[in-house]
Every structure is written in structure tokens, then in C-alpha cells.
Amino acid sequence: MSFSQAIITVLVIAAGTLATRALAFLLFPAGRAVPSCISYLGKVLPSATIALLIVYCVKHVEPLEPPYGLAELAAIILVAVLQHFFKIMLLSIIAGTAAYMLLLQWVFV
Amino acid sequence: MDETQSPHSEPERELSSSWAAAFQAAFPHTIAVMTGYLFMGMAFGILLQSQGYSQWWALFMSVVIYAGAMQFVAVDVLTSPFAPFSAFILTLMVNARHVFYGFSLLDIFKGFGRLKGYLIFGLTDETFSLICSVPPPPAIPRDRFYLALTILDHIYWISGCTLGAFLGSRLSFNTRGIDFVMTALFVAILVEQWRQKRNRPPALAGLAATGLCLFLFGPENFILPAMALVVLLLILGRSFMEGRFLER
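Those protein sequences? They're chains G and Z, same order as listed.
My numbering applies: residue 62 is where the first sequence begins, and numbers increase by one.
My numbering applies: residue 2 is where the second sequence begins, and numbers increase by one.
Please keep in mind that the hints were generated in silico from the structure rather than gathered at the bench.
Do not rely on the hints blindly, as some may be mistaken.
To be verified - Pairs of lysine to aspartate or glutamate residues, derived as DMTMM-like cross-links and limited to a Cα-Cα distance of at most 20 Å, are as follows:
#: 1; chain 1: G; residue 1: K104; chain 2: Z; residue 2: D144
#: 2; chain 1: Z; residue 1: K117; chain 2: Z; residue 2: D144
#: 3; chain 1: G; residue 1: K120; chain 2: Z; residue 2: D77
#: 4; chain 1: G; residue 1: K148; chain 2: Z; residue 2: D126
#: 5; chain 1: G; residue 1: K120; chain 2: Z; residue 2: E221
#: 6; chain 1: G; residue 1: K104; chain 2: Z; residue 2: D126
#: 7; chain 1: G; residue 1: K148; chain 2: Z; residue 2: E193
Stated by the list, open to error - Residues from chain G shown here face chain Z by an in silico Cβ test under 8 Å; the list is partial:
#: 8; residue: Q66
#: 9; residue: I74
#: 10; residue: L79
#: 11; residue: A83
#: 12; residue: F86
#: 13; residue: I99
#: 14; residue: V105
#: 15; residue: L113
#: 16; residue: C118
#: 17; residue: V119
#: 18; residue: A136
#: 19; residue: T158
Quick reminder that beta carbons are idealized off the backbone N, C-alpha and C, glycines included.
My request is simple: use the sequences and hints to build the entire structure.
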């Protein structure tokens, strides 16, 4: 990708990001009532979306081919267990990422 | 009141002191975000420069995009063939949850004037959480307090990304796998959401629908059908959710 293509790509991504953040304010300027369906989705979508993003993050994993995604699985379990018991986000993230990098570089080479 | 002061200095002093007060009040609430953004920003910066983009790219991206997950995905996009339309659609999908942040803040941001644009621009997951959970101090104008939160968070992010890219080329250890930081973040967030029973059915629906679509459509094409299926499942489950978990 050339320099100007990269610039365009970044700007396109920036525009898309801003668009998602601004959409609600554009659709419902002051006063217009929010339909109850939208308000319902606003309550349930966040958790569903986080789950979708987790699957998105591991989309490259092939469970039927060595190493069968074991590094990802082990690291995800570690993050979940640490977060469940200690409730310290940064600890869970750092420990999980470190474990994943170690597994990737030394075990499942 | 001091009668020797000119009529102009009082409002000016109130103006600057209200900004200073807003930042002073906002800062303690942002400390957790600061550590998170510095760390994750650096991971992004390291990853970015490992793909051949300098700290100036990290600076540029963290200023104009300002989105953690999307910036990590962007590294993938920048190392693929030029495809701006598909990049735009991908951005809309990865950031779709931010659409619902806006819905949640329609009332809170009502009447905020010109500052609203930047507040909307800066709606990251963490800033959104802060705005929803931290009550503004009584003496401070609400819009300035939220703006201070947003500006501080943005500064932390820019610093982390730029520093990471700057240091990355100078680091001697192998950084392969550092992009897992994004997966780890989402898993940790999901664990926290899981504690509330009402978030469990939507999370399970999200996992099942996305997993199924990944299996059916493959890694390049599954996101759009996954999002459609997730929304469909949630709408189908509305009476169940409102009956058991949610207030209408």
C-alpha cells in the first residue's frame, strides 16, 4: 500500500468510527422520541457485541489443525479465571497476553 | 468584592477556574483508564511499527481514529491490499456497539452546545463507562467535566500509542503475539458483564451466532451475517428478556 493509500485508509477508518459514535445523535436530535425497540437493543447489544468481538479476535484459529488453538484457549481461560477472582483488569490482560506470547514463541512454535 | 478589579476579570477568572476545576475533578477518575490506555496503546504502537509504520503513523491514527479495537484491526487492514470501501464497512461493523453508546447518552448530552462534537468523537468504551458511572461534581458544569474526562483519556491514548511505536523498534524482545491484548481485554470485559445475570443470554447469543457464522462463512465473510443474526436473535428474545431480566 502506498503512502497516500495508507492515509486514505486511516481517514476512512476514522470517518467510520466517528459515524458509529454520531449516528444516534444524528437520528434523534433533541426531542425526538427513541423507539422502545432501539432502547431495548441498547440494553442487550453491548454484551452480545463483546462476545462477537471475542470470536472475531480468534477468527484465525483452526481448531482442527495443529496447534488447535491451544495457546488462545489457554490464555483466554487464564484471563477469565484471573478476572473472575481478582477483578483487576490490567492484571488479567497483562498476565493473559504474557502467557499467550510465551506459549506462541516457546511452546507452540 | 474587590472594587478595584475591572468588570472583565471576574468572568474570565471564573471561566479559567471552572476549566481547571473540571480537570482537577476529572483526573482521579481517569487513573485506571490512564494505566489501561498507556499499556494497550503501547501494545498497539509496538504492533504497528513491527509492520513497518513509524511513530508518526501511531500518532496520526491515535489522534484521528481513537478506537482501541479498531486500531488493532487497522494494522491488519494497512498490511493488506488497498480496499477503502471494505475498510469502511469493516469499521462500521467492528465499532457498531458505539452506535448504542450514543443512544444511551442522548439525554445526558442534551443542550451541550459546541463541545458536543468532541464528546461524541471521543466515545470510547472506557470514556463511555466513565460518563455513565461518575456523577459530575455539583460545582462544576457537567459538559466541562465530561469534556475533561474525554480529553484526558484521549491524551493517555495518544501518548501510549506514540510511545509504543517509538520504543518498539528499540526493544530487543520478541513481540510476537502482542495483539492478544485486545482479545484479553474483551474477555475480561465479558467476565465482568457475566456477573450480571441479565447480560448472560445476550452474551451466549453473541457467542453462538458469531461462532456459527464463522463456521459457515469463513473468517473473511462472517462478520456481516453474524451481526445480522445476533440482532435477529436478540429481537426474537425480547419478550423473554423483558419478562425475566429487564424493566420495560
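Tested hints:
Pair hint K104/G plus D144/Z does not hold up; C-alpha atoms about 24 Å apart against a cutoff of 20 Å. A threshold of 20 Å between alpha carbons decides the hint, and for K117/Z with D144/Z the separation of about 8 Å falls inside it, so the pair holds. A distance of roughly 13 Å separates the Cα atoms of K120/G and D77/Z; the hinted pair therefore holds under the 20 Å criterion. With a CA separation close to 18 Å, the supplied pair K148/G and D126/Z stays within the 20 Å bound.
At roughly 9 Å between alpha-carbon atoms, K120/G and E221/Z fall within 20 Å of each other, so this suggested pair holds. Between the alpha carbons of K104/G and D126/Z the distance comes to roughly 15 Å, so the proposed pair stays at or under 20 Å and holds. Restraint check for K148/G and E193/Z: satisfied, since their Cα atoms lie roughly 8 Å apart, inside the 20 Å limit. For Q66/G, the interface hint holds, the least distance from its beta-carbon to any beta-carbon of chain Z being 4 Å, beneath 8 Å.
With 8 Å as the threshold, the beta carbon of I74/G comes within range of chain Z, its nearest partner Cβ sitting at about 5 Å, so the hint holds. With 8 Å as the threshold, the beta carbon of L79/G comes within range of chain Z, its nearest partner Cβ sitting at about 6 Å, so the hint holds. Annotation: A83/G was flagged as interfacial toward chain Z, and the flag holds, the nearest CB pair being 5 Å apart, inside 8 Å. Of the supplied interface hints, the one on F86/G holds, with its beta-carbon coming within about 6 Å of a beta-carbon of chain Z, less than 8 Å.
With a cut of 8 Å, the hint placing I99/G at the interface with chain Z holds, because the nearest CB-to-CB distance is about 6 Å. Given the 8 Å rule on beta carbons, the hint for V105/G holds: about 4 Å separates it from the nearest Cβ of chain Z. Annotation: L113/G was flagged as interfacial toward chain Z, and the flag holds, the nearest CB pair being 4 Å apart, inside 8 Å. Residue-level restraint check for C118/G holds (minimum Cβ-Cβ distance to chain Z is 4 Å; threshold 8 Å).
Checking V119/G against chain Z: minimum C-beta separation of about 7 Å stays under 8 Å; hint holds. Because the smallest distance between the Cβ of A136/G and any Cβ of chain Z comes to about 6 Å, under 8 Å, the interface hint for this residue holds. A distance limit of 8 Å between C-beta atoms decides the matter here; for T158/G the minimum to chain Z is near 5 Å, and the interface restraint holds.
The earlier numbered hint that this structure contradicts is number 1, and it is the only one.
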